[in-house]
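A.B. asks: The chain contents come next:
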Amino acid sequence: MEPFKYLKSKPVPLDIVNVDTDQIIPKQFLKLLGKTGYGKYLFYNWRYNKDGNVDSNFVINLPEFAGREILLTREYFGIGSSREHAVWALKDFGFKVILGASFADIFYNNCFKNGVLAIMLDKDKIDDIFSSKTDRDIEVDLPNQTVKIDSDTHKFEIDSTLKHHLLEGIDEISTTLKYENQIRNYELNNFQ
Amino acid sequence: MVKTVYDKIWDNHLVYPGNDKDPSLIYIDRHFIHEVTSPQAFDGLRINNRKVRKPNLTFATVDHNVPTTNRSLPLVDEISSLQIKSLQKNCQDFGITLFDINDQNQGIVHVIGPELGLTLPGTTIVCGDSHTSTHGAFGALAFGIGTSEVEHVLATQCLWMKKAKNFEIILNSNSKKDLAVSAKDVILSIIKNIGTSGGSGSVIEYRGSFISNLSMEKRMTICNMSIEAGARAGLVSPDDVTFEYLREKKYTPKNESFERLLDNWTDLKPDASAKYDKSFTLNVDGLVPQVTWGTNPAMTIDVTSTIPNPDEYAKGDEEEKKSAIRALKYMDLTPGLPITDIPVDRVFIGSCTNARLEDLIEASIIVKDKKISPNVKAMVVPGSQQVKLSAEKLGLDKIFMDAGFEWRESGCSMCLGMNPDILLPGERCASTSNRNFEGRQGTGGRTHLVSPVMAAAAAIAGKFVDVREWI
Ligand code: SF4
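Taken in sequence, the protein lines are chains A and B. Residue numbers for the first sequence follow our numbering, so the first one is 1 and each next one is one higher. Residue numbers for the second sequence follow our numbering, so the first one is 193 and each next one is one higher.
Rough simulated footprint, nothing fancy, chain B against chain A, three-plus residues with beta-carbon under 8 Å:
#: 1; stretch: 66 to 79
#: 2; stretch: 156 to 163
Straight-line distance between alpha carbons at most 27 Å, and here's what the computed DSSO-like set of lysine-lysine pairs gives:
#: 3; chain 1: A; residue 1: K163; chain 2: B; residue 2: K357
#: 4; chain 1: A; residue 1: K163; chain 2: B; residue 2: K213
#: 5; chain 1: B; residue 1: K562; chain 2: B; residue 2: K655
Here are some chain A residues the structure puts well away from chain B; computed CB gaps all over 12 Å:
#: 6; residue: P3
#: 7; residue: S9
#: 8; residue: F93
Derived by calculation from the structure, the hints in this document are not laboratory data. Every value quoted in this text rests on a predicted model; they were computed, and no experiment measured them. Don't be surprised by glycine CBs; every beta carbon is placed ideally from N, CA and C.
Can you build the whole structure from these sequences, using the hints too?
C.D. replies: Here you go:
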């Protein structure tokens with residue numbers, strides 16, 4: 001996994017609450033066997049019209065937002081199905097940070113396993129970015145756990161283990177395998 | 193320390209304790225896998241030259257992709273067939289038991305776990321599928337995980353987790369069983385009340401007289417949709433109903449082993465003064481059948497009501513109002529329309545929420561000696577091959593087919609439409625599944641979630657009806 005430390009980008013504002021993973025990546029694209037190649041299907045039913053043409057009004061398609069690496073969302077992003085394909089699609093499309101007011105649990109975990117940083121800020125701060133700052137640079141500083149926009153610096157919370165894994169680009173399984181003794185003891189005590 | 197059921201299971205599975213900031217390492221007793229969310233996990237193992245730590249604790253089946261039509265024919269969809277073949281190979285290479293497409297125990301993973309006795313009280317259960325919460329009905333801590341976590345469990349039999357909050361939902365009832373109003377209506381009503389994020393960050397424990405009197409199958413329906421209330425898991429303290437259900441199941445330990453387990457299981461009750469971080473109480477008596485009108489499961493209303501207007505629904509929340517307007521447009525509904533004036537094109541009785549034997553029996557009572565509306569296409573997809581077989585022994589297949597329903601092989605089917613069972617754009621469906629998201633059952637399809645008896649009645653009438661009038 002690639003380490004993540006800092007990122008500076010303007011956001012793509014996706015002004016919808018309760019975005020579920022069926023919208024992020026519809027089920028017809030869950031049939032691939034790998035982890036890449038999902039970017040072109042991201043938000044498929046919103047990005048393309050029924051006739052298959054690009055919907056030029058949908059925010060992800062607007063040319064001025066091309067290349068932005070932060071997705072700005074609202075509340076309860078990633079609800080519904082546990083499909084990790086949702087994160088693979090966001091990452092493959094080019095998003096490295098998802099900034100929102102809240103996330104569904106499984107989706108939030110899935111982000112970190114793939115080197116994507118999900119950041120929660122208070123709802124009023126998110127409202128403020130949506131209403132007046134979608135064209136400002138957002139500076140994400142993971143070591144200091146801050147998001148800086150103009151002169152405003154917002155602190156965000158993150159679990160120390162998740163932070164460590166992201167900063168170092170560590171694969172979680174290799175960390176866990178260091179607990180072999182504890183795991184074996186547990187098994188000895190619980191299975192005859 | 194006084195403990196809830198969740199606290200007890202958590203403490204029993206601590207391999208390495210964390211704290212407020214750091215997660216704990218938790219042991220996983222049972223791991224279910226299926227064809228869609230596991231291929232990349234096995235790839236990861238191979239790339240890193242890792243083994244499956246405990247192949248005997250993992251069980252696999254094919255359910256999401258499989259066709260529900262005649263299985264003796266080759267699979268038409270090449271990619272589905274590739275996913276199924278890759279699961280077969282992965283199970284073979286790593287020594288995992290697979291209930292394959294033609295196995296008599298094949299079925300939706302959350303239906304077969306319990307019916308095979310692989311789901312036991314007091315255990316930790318995971319699966320790369322959010323509706324793993326279903327297994328909580330047995331007093332297990334059961335939750336969905338992503339594919340990276342599937343790989344992690346295969347490699348280590350553990351997961352890093354932070355402890356969730358304890359949320360009790362008390363369901364009271366004084367009246368006796370009611371065919372018209374069921375577990376599905378109760379869980380939809382809970383979600384309507386607490387919202388799709390009401391259970392966020394929590395493990396729900398369902399308690400109260402209504403739950404104690406409920407069968408295992410109905411408890412599963414309720415726990416199944418805990419995820420739709422935003423909770424990671426939902427559970428019910430195990431009792432005699434649980435123990436009797438499990439006693440003779442295929443994989444349940446037998447004889448003395450079973451009696452020994454019983455001793456442990458009877459302890460899985462909340463301590464007398466156990467504290468919950470959150471509490472919600474619902475009096476189930478007087479509840480009427482529920483129907484969803486929008487594009488998330490909290491957009492639910494009584495069958496006796498009319499489509500709400502966005503203001504009424506949003507109660508002052510601007511974002512919710514926008515989402516209601518969006519939902520009404522997608523669903524092609526206008527405020528003020530009575531629910532019972534909404535016609536349906538399709539009816540789906542199936543899914544891990546409502547495709548167990550009791551669900552099919554109840555739906556068949558409504559359907560018996562009637563014909564479905566000529567405007568409706570309806571299908572029954574039993575949750576597992578065992579459910580299908582038991583239903584056929586009772587003659588239910590005949591009742592449904594005589595009425596004009598299709599009777600299919602088991603699988604997820606139109607719950608998510610990864611196989612050929614999908615809604616066409618604009619089609620409106622009364623569905624016993626659990627998600628009414630945009631496009632869930634097919635691009636442009638419109639889903640209304642209901643109970644099995646409500647779905648059955650809608651198929652006959654060609655529109656939603658208050659099924660209480662039929663019973
Ligand atoms: S029936 Fe539906 S909800 Fe249940 S496991 Fe299958 S796809 Fe998921």
